[in-house]
Amino acid sequence: MNGFAKCLLILLIVPVLTSCWNRRELNVLGIAIAIGIDKSDGEYKLSAQIVNPGEISGKPGTGGGSAPIVTHHATGKTIFEAIRKLTTEEPRRVFAGQTRILVFGEEFAREGIAEAMDIVTREPEVSANIYMLVSRGTTAENILKVLTSIEKVPALSILNSMKASEKYWGSIKLVKLDDLLDTLMTEGMQPALPAIEIKGDPIAGQALDHTDQSDLASVLHFTGMAVFKEDKLAGWLEEDESRAYRFVTEKVKNSVVQIPCSTEGVTSLEMIWTKNKIRGYIKRGKPYVSIQIRGEANVGETQCRESLKKPETMKELQKRTNDSLRRVIEKTILTVQEQYGSDIFGFGAEIHRSDPKGWKKLEEHTWIKEFGNLDFETHVDIRIRHTGMIVDPVEESTRRTPR
Amino acid sequence: MLEEEKIGSRQLAVLVVMFTVGTSMLLVPGELAAEAKQDAWIASILGVGLGLLSVLLFWKLGDRFPDRTAAEYSELLLGKWLGKAMSVLFFSFCFMLSAVLLRDVGEFVSTQVLTETPIEFVHLLFLLIVVLGVRLGLAPIGRAAEIFFPWMVLLFLVVVGFLWPYAKIENLKPLMEDGFKPVLLGGVQMFTLQEYVIFLMILPFVDNIHKRGSAMLKGALVGGALVVIVTLDCILVLGPNVTTLYVYPAYVLAQKIDIGEFLSRIQIVVAGMWFLTIYFKTAVSFYASVVSLGQTLRLREHRTLVLPLAAVMLAIANIAYPNMTYYVDFYRNVWIPYGLVFMVVPPVILLTVSYVTGKKSPSCS
Chain A
1 MNGFAKCLLI
11 LLIVPVLTSC
21 WNRRELNVLG
31 IAIAIGIDKS
41 DGEYKLSAQI
51 VNPGEISGKP
61 GTGGGSAPIV
71 THHATGKTIF
81 EAIRKLTTEE
91 PRRVFAGQTR
101 ILVFGEEFAR
111 EGIAEAMDIV
121 TREPEVSANI
131 YMLVSRGTTA
141 ENILKVLTSI
151 EKVPALSILN
161 SMKASEKYWG
171 SIKLVKLDDL
181 LDTLMTEGMQ
191 PALPAIEIKG
201 DPIAGQALDH
211 TDQSDLASVL
221 HFTGMAVFKE
231 DKLAGWLEED
241 ESRAYRFVTE
251 KVKNSVVQIP
261 CSTEGVTSLE
271 MIWTKNKIRG
281 YIKRGKPYVS
291 IQIRGEANVG
301 ETQCRESLKK
311 PETMKELQKR
321 TNDSLRRVIE
331 KTILTVQEQY
341 GSDIFGFGAE
351 IHRSDPKGWK
361 KLEEHTWIKE
371 FGNLDFETHV
381 DIRIRHTGMI
391 VDPVEESTRR
401 TPR
Chain B
1 MLEEEKIGSR
11 QLAVLVVMFT
21 VGTSMLLVPG
31 ELAAEAKQDA
41 WIASILGVGL
51 GLLSVLLFWK
61 LGDRFPDRTA
71 AEYSELLLGK
81 WLGKAMSVLF
91 FSFCFMLSAV
101 LLRDVGEFVS
111 TQVLTETPIE
121 FVHLLFLLIV
131 VLGVRLGLAP
141 IGRAAEIFFP
151 WMVLLFLVVV
161 GFLWPYAKIE
171 NLKPLMEDGF
181 KPVLLGGVQM
191 FTLQEYVIFL
201 MILPFVDNIH
211 KRGSAMLKGA
221 LVGGALVVIV
231 TLDCILVLGP
241 NVTTLYVYPA
251 YVLAQKIDIG
261 EFLSRIQIVV
271 AGMWFLTIYF
281 KTAVSFYASV
291 VSLGQTLRLR
301 EHRTLVLPLA
311 AVMLAIANIA
321 YPNMTYYVDF
331 YRNVWIPYGL
341 VFMVVPPVIL
351 LTVSYVTGKK
361 SPSCS
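Protein chains in written order, with the UniProt record's numbering: chain A, 1 to 403; chain B, 1 to 365.
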């Protein structure tokens, strides 16, 4: 065989080796960027937000002026059934490989989300990096229908605003599929998912022309965390409580807290970083945890009258910060303990880790019951570092001039 | 001697590394976590330790017959009929292992990666390159392993490095909560997945008699370390419960990697690494089964056996397990005792007989 024949043979073999048994081109896939699960009449109601590729291509004039996404719905006894049934109204096969968020409807979440976890874990197409959230005061379906303006694809808008509010506002904690699985399966730990609601008119938000306005008729917004007891939605944490939840459960990179001044007004502190340290053990048959939070903060804005140039004022502010944070955290833990009886902080898991022998003795009772008896102490140690471009409050300086 | 070409001791070491990582990387973390929960990594260290002990045993046994394979010296030691029976046992172990490994590849590809491709095609394609390698002989397989080894290590380091930010050290606690027993059971399970006994058929084809034992030991140590790191990573990143839940936790582990929304969905890197290693594991065990059958039947040219055996292997792989449940059950209730017995009993019998009768290869001084 000469060189030419060899080359030809190799070239002929190449197309056979691509192993495209079942190729799926982009134009035959309906890319579901977000999926919502609700319950209606005892059946699952699945909503899928499907990208309309022609409308998000970015080039002006390419779109036909229709909405960047379409939502489709189907019901079924299982979620799998419902997903496949979507093809009865969606012309393309629904592809879940790019799904970024999964929204549980409030009603559905109250009945338990564990059932829904099976398919998202079992299905190889779904990535483990999918973010989970709960709709508040509305169904998942309605959440997925709201159109957004700057980021055309609502699911991506939700995702980015979720990440931004985690990073700069600190009111929610992102939860991915495998985090949720781990929490559901670990003893002494219960899940909490970010809660999303519609601010404004939910119906108006579905029309494309609503995104033509500068003040949107309806927007999606995060309210804090949803508390679960086992796999059932038990209630909500408001923003302050959610922030306290984050301080207790993880390292927070950036967040904002409001500290009242000694007389009137409020100081806003930008928390640069906080670190949490939890020690749990069984003390005389009762579960006990000590929570230590350290961190640094900058002065973001102040309405206080005192001059921040004085070391005593700074010390005083620091003390008030620590006290006020401690109170919020204690209040949050007590609320969760008494109202929801669900250990979203993972105190039980911490006791299990630090005091396995003591934990074994508890196990005759279930931790859910035991969590109500939990005693805790909180130490907060926040150091205030920078004050921005000025030190003294502007207000104080302006008041001084007329004299 | 049937084989004209020999492999070097470094190639042997690399082959042993590939052999160790082969099945273990994807399957071990889940199995061990099911047994020992957060202590799975300790169990994996124990498993590696047991593997090293078995390598020492095979080293000793091999050194008494430096230029003979297990099939040859079992006849020398046990007499014609018992010896032949032993060789057939060896052959059946190597051959079953090759078929099961082929099925492992098929099972993984058809459930996780190409879900709609028939498993038979995956088997066929994979078997083709295995046959190609085995027909060419051990030396090309060894050289190929040497070429691919740096790539495997590179991919491994990339994956492990990118997983570092996701590690939660508290997942390891509490240590040894239920005592040592689950850890021990896990360690034994992992041991049965490292079928080093096959290298008794490979050792005479290594050129340097004095270095081959330590090369095998080094390979088992490096490969074992890689498996321990993967297991540790699974526990650190996914936690013991989620690791247990998935069939291939290491694959899910790689799905976690998401650096700046840009470097993500690189789980196929883990799969690629696994294909590389399991290829060499399958090729080595298939080679061992061809040689052992050829020697049992005293064939002058054992290469003629490759194609017929491959055809049988394809059939066995296709019917090996009807479904995943059977697979998990087979592994736990059949493979573990089978492997455990086969990897320990025959070599110990052979070694004892060799010591008692004083029989060893004449060329060994």
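Keep in mind that the hints were calculated from the coordinates and are not lab data. Keep in mind the model is a prediction, meaning the values are calculated, not measured. Honestly, I wouldn't trust all of these hints.
Said to hold, decoys possible - Only pairs whose alpha carbons sit at most 20 Å apart, straight line, appear in this in silico EDC-like list of lysine to aspartate or glutamate:
id	chain 1	residue 1	chain 2	residue 2
1	A	Lys275	A	Glu187
2	A	Lys361	B	Glu261
3	B	Lys168	A	Asp179
4	B	Lys218	B	Asp207
5	A	Lys163	B	Asp178
6	A	Lys361	B	Asp178
7	A	Lys277	B	Glu170
8	A	Lys360	B	Glu177
9	A	Lys167	B	Glu170
10	A	Lys176	B	Glu170
11	A	Lys357	B	Asp178
12	B	Lys218	B	Asp63
13	A	Lys173	B	Glu177
14	A	Lys357	B	Asp63
15	A	Lys360	B	Asp207
16	B	Lys173	A	Glu166
Unchecked claim - Covered stretches of chain B (in silico footprint by chain A; criterion: 3 or more residues with CB under 8 Å from a CB of chain A, positions within the stretch not fixed):
id	region
17	279-288
18	308-319
Virtual Cβ for every residue (Gly too), placed ideally from N, Cα, C.
Structure-based check of each hint:
| no. | hint | in the structure |
| --- | --- | --- |
| 1 | A:Lys275 <-> A:Glu187 | 24 Å, violated |
| 2 | A:Lys361 <-> B:Glu261 | 45 Å, violated |
| 3 | B:Lys168 <-> A:Asp179 | 12 Å, holds |
| 4 | B:Lys218 <-> B:Asp207 | 17 Å, holds |
| 5 | A:Lys163 <-> B:Asp178 | 40 Å, violated |
| 6 | A:Lys361 <-> B:Asp178 | 13 Å, holds |
| 7 | A:Lys277 <-> B:Glu170 | 11 Å, holds |
| 8 | A:Lys360 <-> B:Glu177 | 9 Å, holds |
| 9 | A:Lys167 <-> B:Glu170 | 23 Å, violated |
| 10 | A:Lys176 <-> B:Glu170 | 18 Å, holds |
| 11 | A:Lys357 <-> B:Asp178 | 10 Å, holds |
| 12 | B:Lys218 <-> B:Asp63 | 17 Å, holds |
| 13 | A:Lys173 <-> B:Glu177 | 30 Å, violated |
| 14 | A:Lys357 <-> B:Asp63 | 50 Å, violated |
| 15 | A:Lys360 <-> B:Asp207 | 57 Å, violated |
| 16 | B:Lys173 <-> A:Glu166 | 28 Å, violated |
| 17 | 279-288 | violated (count 0) |
| 18 | 308-319 | violated (count 0) |
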